Every structure is written in structure tokens, then in C-alpha cells.
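Asks: As they're listed, the protein sequences go chains A and B.
Numbering follows our numbering, with no gaps: position 93 of the first sequence is 93.
Numbering follows our numbering, with no gaps: position 541 of the second sequence is 541.
These are calculated hints, taken from the structure and not from any lab test.
Since the structure is predicted, the reported quantities are computational estimates derived from the model, not experimental observations.
Among the hints, erroneous ones may be present.
[Stated by the list, open to error] With beta-carbon atoms standing in for the labels, derived distance ranges:
hint, chain 1, residue 1, chain 2, residue 2, range
1, B, 256, A, 87, 32 to 38 Å
2, A, 3, B, 47, 43 to 49 Å
3, B, 160, A, 87, 24 to 30 Å
[To be verified] Pulled from the structure, derived: some chain A residues nowhere near chain B, Cβ distances all over 10 Å:
hint, residue
4, 25
5, 31
6, 43
7, 50
8, 71
9, 83
10, 137
C-beta: ideal position from N, C-alpha, C; glycine also.
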Amino acid sequence: MNAALRYLGQAVAYAAFAVTLGYFSTSPAYQQLPPDYALIKLSFSHAAQRKQPCRERTPEELSRLPRNMRIAKDCPRERSNVVVEMDMDDQTLYHGVLPPSGLAHDGASSVYRRLPVRAGTHHLVLRLKDTEQGDFGFIRDATVTLEPGRVMVIDFKADAPGAGGWVLHGVGQP
Amino acid sequence: MIRAIQAVAQSLLLRLDNLFNHLFGPESNPLYQLGAITYFLFWIILGSGLYLYAFYRTGVQEAFDSVEAITHAQWYLGGVMRSLHRYASDGMVLTVLIHMARNFAMNRLSGFRAFSWITGIVALLFLYISGINGYWLVWDRLAQFVAVATTEWLDWFPIFSSPLVRNFLIQESLNDRFFSLLSFAHLGIPLMMLALVVVHTQRVSGARTHPSLPLAVGWSLMLLGLALFRPAVSQGRADLSTVPAQVNLDWFFLPSYPLIYAWSPGRLWALIGGALAFLLLLPALTRTRRPREGFRITTVPTVRAFSAKPGETILEAGLRQGVRLPYVCRDGACGACKGTILHGEVEYGVYQAQTLTQAERSAGRALFCRAMPLSDLEIEYYENELQKQAPVRLLTCTVHAMRRVAPDVMMLWLRPCTDEPLRFFAGQYLDVLLDVGARRSFSFANPPHDNDLIELHIRRIEGGRFTSHVFSQMRVGEELRIEGPLGTFPQDDDVPTIFLAGATGFAPVKSMLEHRFHVGSRTRMLLYWGVRSRADLYMADLASAWQREHPNFAFVPVLSAPLAEDQWQGRTGLVHEAVLADFPDLKGFRIYACGSMQMVQAARPAFLAQGLPEDMCISDAFLIAAQRDAAAKVAIA
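The following block holds chain B by itself, in its conformation from the complex (with noise of 0.2 Å):
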């Protein structure tokens, strides 16, 4: 029975996605993003409730006077406050019930999401409490009535001495501080109902709690509009000498209200507590039987391995585990998530047809929001965009050309045997790909607009069998077989930028440096080049040139052993240290550290200690590990 009619429920709000991507497009889709709507109408509740809360009077007369003056004295901004305090709380309940519509329909209720459906539910109650306490703040007719019926409906219970509904029976039986406990109240519950909600919230992977920019813009005209045009107003003064025969109820808080006087509060009690009890059970109700084990989930080209729990869709356990595996909308509409299952047997769950074909799921596609793996898996993965725009290719070059710039330091042209160039982004690197097995790193030193040829600087290594073979064999013409690009690099250019180069961790710098140059980027950037002596800064011309062109770019040269024949009048001593010289608070820069392994050892705990946030300093130690963990501030020189 309850599989049917979520079925049912399936079907219609498949063709309601459908019709709302078509509107809004899946990214704005409201249906996608019920609760960060949700989200976002609590903090329009908390901001107009303050601003309420600071001309709201408690008392008897008070109460209703202040309400009153709040909403027709100042109609244009407290008026419009009142208004929209009460419009969203009633979206926020619509917006609340149609999530758990949406989950309950499509299944995302049982196994581990039991916790967020059975915390959402207790959240949904302290919305109720908090809403209907509102309501007898304003101390109107319709607060007489629903403070009357509220103490009436839990008089049901022998468990109070004497009726609480004898607080209302005469004005008289009212006093002052009542009204400044329901305010407390007020400001209370809600602020209990957030921490719920964090909970709740905090234990579904990669949950959005923002709606887009579109929808924040739309919601909030929209109540504008309700606010403006159809003001919330008062019900006149509360009067317990009388009954207020008519109320205009608000069914969204307010529905069960009727049913106290049309049946009987022990009947309320028992739809209510019977209602509760079904939302409770209804994971377990609808539980799927599944493995009790995950399964194992690794990915390629990008090397992750990550485990599934029994039910979770392979979206969820990567966001879940740090892998961030694209999406947009999370209920198989937008494709964005869809992706290769190279082994492995999934089950494709509920999703728009149109999103995936046939044609598709037989050559191994399935959309990751919906996917639930039935096996271990392997699976296609790009750690970002950026590889995807980049792929790796194993291709063949010829030494196109080569120069010694400096005594050790031979620079590369590469030309790549293949129609289609390389692309491949500045910060990126790759390996050349030796006879027995091994491979040796290399940066692009060439931006990647300008991908003609690859350029590589090349360091001479005592005993180093590559490098030997660059400056004593190698010749123009001869085949290298390379992979790559590798890597990624952030590509963030929002904040004054340091690059610390040393030695030939020059051709990282040189090739985002002269890509920022080529895209116009007006942020202010500094090269430190370390090296040891004079004959070592190879290309200092052209970082001189650049310094020149480009206001924004400073270029400062440090030798940390400079030679006598050098006549070297600049700086002198580590390069690091030169910048930590210059920057006492780095605060505010991003640095970006390529050289070896040393220079980063000693550079990164110093900047950090200096005041560079850790997340501004980007480095090949850094890297490393962030490719293992994080996948996003990460480059390798």
C-alpha cells in the first residue's frame, strides 16, 4: 500500500520537476532546493521577528496596543515586517511539508536517513509550537481563540491540578508577566527548533542550506508583494467576556483547531499522536531490504576509493567521504552527476527518463544522485573540472628545441605528435615516461593559451639518469613518450598574490604568471625568485620585462650564495625569508610555493606563523596531501 502511493506520489512529482527545470532550470528548481528554502525563511522569520520583538510590549493591554501600533503606525516598515514574519512562517510550514512529501515519495526515509526523517519530524513539531505560540503573542481574537483552545485541547490530560483554561476564563485571571514568558517563549523554541535543524541537516552529505541567488531574489519579492498587498493584520482586541464566534484562522498552524470543537479534544489527541506515531514508524515501514554490508567504490583516472552504506547512492557516500563528485539538482533531473560505471552493478533508482537514456545505462552512464550500488564498484572521477576540460592523454612528442639557460638548467620544446595540442592548464605538470617503467615530473613552463609547443625547464641532477641524458645525449628530434596533463592547480585570482619560486620551480610561475598577464588580471602579484647565484636566475630578463609592462607585478630576485664575479648588489640569504622580511602580517595574500622539497618544508610553517591563512598557501608538500583529502587548493610543480 505505501509503495504504491509512493509510486503515485513519484510519478506526479517527476512531471512536477519536469515542468519546474523547464521554469526555473534545475539549478533554481524550488523542488531541488525545499531546504535551503526552508533555510532561508528562518532567517527572514529571526530578522523580522527581531525587529518586532524590539516595539512588541509585553501586557495585557500592552501586547495588543503595541501589535496594533507596529502594523498601522509604521505600516510601511513594521506593518510590512509583521507580514513577513507571518508569510514565511507559512512557507516555511508548506515548504517543511512538501520536503517530507518529497522524501517520503521518493524513499529517503529508511536505513541511515531514518535520523534525518525522525529529526525533521520533531522539528516540524517545535515549528508548529513556536507558530502557534506566536499567535497568542499579538493577544487578538484569534489569540483568545486559539490560547482558549490550546489549554482546553491539553486540558485532555488529567495531568494538570486544576485547568489550565482557567487562565482565560475572565480578563481578570490574565497578568503582565504572562505576556513577557510567551515572548521569552517565542524567542526560545525557535531558537531550539535551529539547533535541530543544524542536526538535522548536518547529517546529510553536502546539504545546501542557501537557496540560489534566483530563488533568495524570487521568495523574497514574492513575500514583499504578499507583505504589501495583502498586509497580516489583527482580528481586534481579545475580550474573554466574549466568544469570538469567527476567527480567520491560519490553516497552516491552525488546522487541527477545528476538529477540538467539531469531534473532541481526546479525538484530536488520538490523530494527532496516531499521525505522529505512523510519521515515526514510517522508515522502518518502508525499509528496502539491502546488504548489510557497503560496497567499495574506487574511482579512475583520479585514483579515490570510498565506501557506500547499504542505500546510500553514490553521490551521497562520496560528498559524504570528500569526494566531490558533481551534481546539481540531487533527484535525477538535471544530469549534472551523471557519470561511467566502468565495473560494477548499480541500481538505477527514480529519475526523469529523458535525463537518462537507454542508449546511455546500456553503455555504462547512471546518474550518481540516484545510483545505489548493488556490487563494488569502479567508477569514472575527475577530480575536478578542470581535468575534465584537461583530460590526460599519453601522447608522443619530438625535442622540438633546446636551450642551456644556465650551467644546470637546460630548457625543453616539446612538440606533440598529434593533431590536437595539449591542453592543459598553468600549474599543471607531466611525466615523461621512461624505458623501464619509471617517469620523471616535469611543470609546463609554457602558458596554456600558447600550446604549440611544451615547454619544460629542466635541472640538471647529479647522477640523475633523465636529466644526465638531457644534457649529454639528448638531440633535437628525438621521441619522448609523456602523460599528463597531471594534477590540478587553483585557479583563484581574488587576492594579492606572492609566488615564491626556487630554481626551476620558476616554470610553474612563469606559465600562470603569463596566463594571469594574458587574461588581463589586474591583482597584484609578486615573484620571489630564489636561487643561489647569478648565472642561476635564467630567465630574470624576461620577470624584469613583466615588471616593467605590468604595474601590478613586482619581481624580487634573491641569490642565497651568491659569487664574488656576481657583483650581486640585490637581495641575499633564503627566499622565504626574504618575503617573510618584507610581508610582517601575510594576511590577506595567497602564496604559491614551487620549488623543492626543502624550500616548501621551510617556507609553509614560517608563512603560516607570519599570519597566512593555511588555506592561502599552496604548495607541492601541500598538494600532496590535499589531492588524498580535499581535492580543491592543490597544484604540483
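Chain A with its partners taken away, still in its complex shape (with noise of 0.2 Å):
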């Protein structure tokens, strides 16, 4: 093979991995939500209550304890699961049961949920229960406009204020 032939076959090469480099670093694109969609994050963490409440401890209870444990209230550390439901336009979209974190079960519930849904405008459900009696404690019901590639993220904070403690960011409400 002649020198001419030599660098040119050289170059050829080298534009080949070049194209490559330059194309993949890049393309194709990836469409990661179709474009009449929006995203619905529900997330929170939330540390529901204990499962049962404390009590004053007996005397004879007290008198088997080493004397530095002795103390007058027992309050065990569990708590009890997290019940959320959310429903879209009568139709549920999310119903989980959360249990506590830690060994002891004595954590938060956490959730993350990633929910693509049509844009528009939807009626939303939302409920929460972190008793182990009893009925959800917050509801909140919401009507809210999701535009195109928009992210509604849904938290959840006992302690906001206004209705039930569910806390709506990026989202229009008609």
C-alpha cells in the first residue's frame, strides 16, 4: 500500500471513530415522557403513630427493673403503618401501605412514586392514615390543571397548614 493510500486510509479511519464519538455522545434522543403527559411524584416521609400508647408502670413492675431503667411511663417504640390512597378521576391511582423504617420499626414511612399521567385537568383524592385504629385521619381533595411535561410533586407534612396536611407543589388549581 502506497504512502498517499496509507493516510488516507488513516484518515478515514479516524473519521469513522470520530462520527462515532461525535453521533453517540449525543443522539439519538431519548424521549423519556411522551409529550402530552405530565408527572405525578408522590413522596413523602411521614412517621406515623406509636401503635400503642403509654402507660404508667406498676409498682412490682418498677421494683424488677434495674434502678436505672426505672422509670414511671412504658412507651413502646413501634409505630404503626402509613395508608395512603390517591385516586385520579374516581380511579385509584396509588394505594400503598407504608411500614416504619428501622429495626425497631420506630422510623418514618417513606414512599416515592413516580406516576406519568395524561395533562389536563384532574380531580384528585387524597388520603392518609397513620393510626392503627381508626379511619384516614387527612383527606384532601383537589382539583388541579397538569400541563404538558409539568411535575406535580405531592408531600406530605402533618404540621402544614391548610387542608390535611397533604402539601400540592407545581400544579395550577382552577
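Build the complex: two chains, separate frames, hints provided.
Replies: Structure below.
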């Protein structure tokens, strides 16, 4: 192979490599979400109520305990599951029973759900129960408008002002 | 199944090698230097990264703004640096993957090579972590996608008390310190990777870490061209209130990300974990049954002995143990490592068919880069190329002339009884073979280009059998049997050189100097010639003539025991002490010390103590040890 052909061949080889690098470093484009969809992110971290309330220890119980552990109240650490439901336009979009974290099941219950939905106006009902007994203690009923490509984050803070502890980020409300 | 895949891949690779050998030549075939190219790309990434780091600002807003400023406000430098950083990183992924595929195809991953294979895979993981981490820093739409997708993927493992992805729910979740953490990680992870790659490389005998110059230039130009014609740009400021619905992915670093959503994070974990486990197990799956013990390899005419581990090629074994067998591609394509198996059996391995013909195999030839011993071997090996160019010969010579030039020094001129003159290099020597099996060594005193006759300077040794014969009985026309040339001598001519000659140690120095004068050397050269008295300076006139004719040469005679009748006005004492007195700092010099063992043993430590680098002190005593161990800076005078 003569020198000119060799150099030409080398140029072609380098060009092929450059084209490979240049193209695949950005292409083909990846479509993560269809154009007419929006995204709901349901995510919160909430510590539920204790499974059992504190109680007073009897004098007999206290006397059986080592001297340094004689505390009058006995408070079991274990927390209840958090039950959460999310309905959209009268259809259940999510239902979850979230156990508390930690080896002693005394930590917060957490959830993260990524829910692509069609853009538009929707009726949402959010419910949360954080006690062992009883019904849903935190309910939020809202009509929201989701624009294409928007992210609506649904958070929960029990002490948040407003209705039911539910916090909606990034949403237009009619 | 794996063997079948390897066989197909080998066949394809050999064809590709062949094509690239035609285009680039074996010495610059990129497929033979994938590791070296990867190193080269790392240095580009490091250099461009440090530049970008100087202008990068850590902050939720500042990160994106500063990268935009680097890219657009100083497109000619910052923009180019960013693009080089991106494309060199992508190129690194590509070269590493091809490197892996090549080693898999060539079945170079089991046995003692498993260590390099496994450390290579771990280094690859670091490369991916580092690259993905780098994309976060830009904090554009792609960074947002990568950050959210990564944390969603990591959250599949229920080990975090609160999902990591909650850090990217809303814009307010982020703070500036997060970007400081990211930038520190982007420095630390690549450095850890580099440390791992160094370990990975160190275990490979003679591994190349710098590509050939043409390849380095070619890759630099290619990356620069890419940076100018298709600069790397950001994809819009990150906004956590919207979905980056469509992103331009870097498919070298992020090919698995779409699977997080197309499948599920759990399935992607299974895929990556399974692939990783498979890769880590590959050395065991491809292991070839070999004897547990290695084999012994001995070489002739340069006598060396070394061992080959099971599965190790002759070349790898040699390089590992300091035997400098020649090679270029190490892939059975260029033929530079082709050698002769004198005794023993080998497995020839995979190689380009035209590189080693069947006729050559039948004649005992093999490619040492691919051949693995199946028994103890004896192979042909010359210490270096010099020996190959000047092969050792057994010759009969006649004494052409003899002249007594000093009371104890006889100059002999021998004429080889052969049509072909004896080829040798300045500084080499020959052995005169005596009847009873004894031999005597003498340096060539004539330069290699003037080799019709062989010039020897012989000093009379009291009671010496051969030298006594030379001084008393030898006559012109007498026949002598010689073997030579023997030994090697470095030919470096790049720094000022001091020749230290003791008595007839002048002979090899004369050969080297005349050779240098012949080739027009402009290096500064000094000759310190030490003898007892004036009469022993048997060629002082010649040395003085050199000094007159060559401005870069100086001659310093030194007498250790001048006689009264010498009326000596010049330097006295031990010759090496004259050098020490003239040069308080010997750094920057090379010294050839040719003479008696006593002179060399006294001179060498004194020179080293006065700043002469150890590898710049080349002497008789050093030579003997060096021949065994290093094969380079050696000489026998």
C-alpha cells in the first residue's frame, strides 16, 4: 500500500471514530415522557403514631427493673403503618401500606412514586391514615390542572397549614 | 459456547488487525495500543478538567451559569476544553471496551492474567461512576434527568431511611453545598480510578502506557477537530418543576438509563449485577487446563535463564524477568518478536497467518508474543540488536603486524582468514582461544568502520602465558583462533562524556573515540588516560592530534609514578582523582571507565559520591553485573 493510500486510510479511520464519538455522545435523543403527559411524584416521609399509647408501670414492674431503668412510663417504640391512597378522576392511582423504617419499626414511613398521567384537569383525592385504629385522618380533595411536561409533587407534612397536611407543589389549581 | 464466540471474535479481530497494520503500520496500530491510548485520553481529560475546574462555580444557579460562560464566552479555549473533556471521556469508554473485548477474544483473561482482568473491570466501574458524576455538575436538563434517574435507581435498594430522590423533588431541595460535594467527588473518583489502573498496568510485563507519537498526534487532532466542529453544549437549565421529556443522551456513559423506565430499576439492577458477575467469572469460565508448574527457558548465545508461568507467553515471561526480547505489537501481527525455538515444544497461539508461515514453524520459528511453552525451552536470543547486527563468530586470524609501543605494550594487527570482515561495535571485545581451552579477552582498538584488520593492545602480564608468548615468541604470520565480538557497549552520545582509561584500557576508548569522530559527534568528550610513567603513554601523540583536530575533545594524561627522566610537568596521581578534582559536580556527565578492576573499583563509588548518576557510570565491573541483570548499560573493555 503506498503512502498516500495509507494516509487516506488513516484519515478515514480517524473520521469514522470521530463520527462514532460525535454522534453517540448526544444521539439518538431519548424520549422519557410522551409529549402530552405530565408527571405526578408522590413522595413523603412521615412518622406514624405509636402502635400503643404510653402507660404507667405498676410498682411491681418498677421494682423488677434495674435501678437505673426505673422510669414510670412505658412507651412502646413501634409505630403504625402509614396507609395512603390516591384517586384520580374516581380511579385509584395508588394505594400503599408503608411500614415504618428501622429495626425497631420506630422510624418514618417513606414513599416515592413516579406516576405519568395525561396532561389536563384532574380531580384528585388524597387520603392518609397513620394510626392503628380508625379511618383516614388526612384527606385532601383537589382539582388540578397539569400542563404537558410539568411535574406535580405531592408531599405530606402533618403540621403543614391548610387542608389535611397534604402539600401540592407545581400545580395550577382552577 | 464461550470458545465459539472467542473463535469468531478472534477471526474478526485478526482481519481488523491486518487492515489496521496496512494503514498505520504495526508500530502505530491503535488496536495494539488500546491501553496506552486510554492512558493518553486520561491525561487529556485530566488537563482539560483542571482548566474547567478553575472556572466552574459550585451553586444551584452558578453551576449552570459558569459552564455556559466557559462554553460560550470563551468558546475558543473553555469551549474547546469542555468538548475535549467530553469526547476524550467518551473515547476512553470506547477504548476500554474494545480493550476488554480484545482480551476476551484472545483469551487473555485467565490464570495469572485474571488479576488484570478483574482490576480492569473495577476500574471500568470507576470510569462510569466518574463520568456520570461529571454530567451532574453541568446542572442542565440532562444533568437533571441523570440525577433523578440515578437516585430512583439507587432507591430500589431499601437501604436508605428516606428516598434519595427526595433531594431532587423541588428546586428548593437543592443547595449550593451539594455542588461542592459533587465537584470534590469528580476529582476524587478519577484519581482513585487512576490508582487502580496503575495497579492494573503494573501487573502486565512491559505494558505500554504511552502511545506512539503518530497515534498521540492523530488522536489529539481528531479530538480537536471534533471539539471545533461539534462542540459539547448544555441542554437548557435544569428545572425540577418540569420533566426533561426528551434529552440527548451520551450513549457511551448512559446506555442503561432508558431501561430504568422501560423496564424497572430492579430489572436493571439484575441486568447490571448479572453482567458484572459474568465478567468477573469469565476468567474461571475460560480457564484452560495447563500444568500447574511453569517451564524453564534458557537462551543462547546470550546465556540467560528464566521461567514461564502456566499460560504465560515466552515474551511475557522474558519481559517480566528482565530479558529484553524484541516486540512491537504483542498481538502476533508484526513479527518483531519472531524467534527461534532450539529445543522444546510450544503452543503457537493465535496470530496473523502471514506473519509466521508453516515453513518457518517447521524451521523452529515462533512468535514469542503468542507462543506458550509446553516444555522446557531453549531459544535463540541476542542480548540486544547490536549483537544481532554483529553476530559472534569463531574465526582464525593471522598476525598481520606487531609493534612494541611501550616497554610492556604490544600492538597487534590481526587479519581474519575470511572474506567477510568481522563486524563489531566500538567497545566490544574478542577472546583469543588458547590450545588448552583457556581464553584471553582483548578489546577492539580499531573503530568498527575500519575493520579490515583487528587492532589489539596487549600489555605484558608477568608470568602470563599468552602475553609472554606475544612478547617473546609471536611472529608475523602466526595463526590465532578468536571468538567475537563479545559484550555490548551503549552507544549513547547525548551528554558530555568522560573516558577514563587506565593503561591499555586506552584500546576500547580509542575505538569509541575514533568511531565518534568518524560519525561527526559534536558532544563534548574528555579523555583522562592514566599510566605509571611517560613511556606508558604509548599513543599520546595520537590523542594530542585528536585534541588539535576536534574542538569538542580534550586529552588529559595523568602519570601515577613519573620517572625523573620523564621531566613530567603534567598531572600526576591516580587518574580518577584527576577527574574528581576537575569536576566537583559530575551531574550531567557520562563516564566510561576502562581499565583494571582496581581502577574501576576505586573510581566508581567516588564518581557516584560526586553526583554522577548511577546509570551514567559505565565500567568493566559494572558491565559484568549489568549483563546478568539489565542488558543495557554494559561494557566489557
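Asks: Evaluate each hint against the coordinates.
Replies: Okay, the hints, checked on the actual structure:
A beta carbon spacing of about 34 Å between residue 256 (chain B) and residue 87 (chain A) agrees with the range 32 to 38 Å that was offered as a hint. One distance hint, 43 to 49 Å for the beta-carbon pair residue 3 (chain A) and residue 47 (chain B), is violated here, with the actual separation near 32 Å. A beta carbon spacing of about 28 Å between residue 160 (chain B) and residue 87 (chain A) agrees with the range 24 to 30 Å that was offered as a hint. At the 10 Å boundary, the C-beta of residue 25 (chain A) falls inside the reach of chain B, the nearest C-beta of that chain being 5 Å off.
Distance to chain B contradicts residue 31 (chain A) as a non-interface residue, since its nearest Cβ pair spans about 5 Å, not more than 10 Å. Against chain B, the non-interface label of residue 43 (chain A) is violated: not every CB pair exceeds 10 Å, the least being about 6 Å. Against the 10 Å criterion, residue 50 (chain A) stays outside the reach of chain B, whose nearest CB is about 18 Å from its own CB. Residue 71 (chain A), annotated as away from the interface, keeps every beta carbon of chain B farther than 10 Å; the closest lies near 27 Å.
Under the 10 Å C-beta cut-off, the non-interface status given to residue 83 (chain A) relative to chain B holds; the minimum distance is some 18 Å. With a minimum CB-CB distance of about 22 Å to chain B, residue 137 (chain A) clears the 10 Å threshold, and the non-interface call stands.
Of the numbered hints given earlier, the model fails hints 2, 4, 5 and 6; all others are met.
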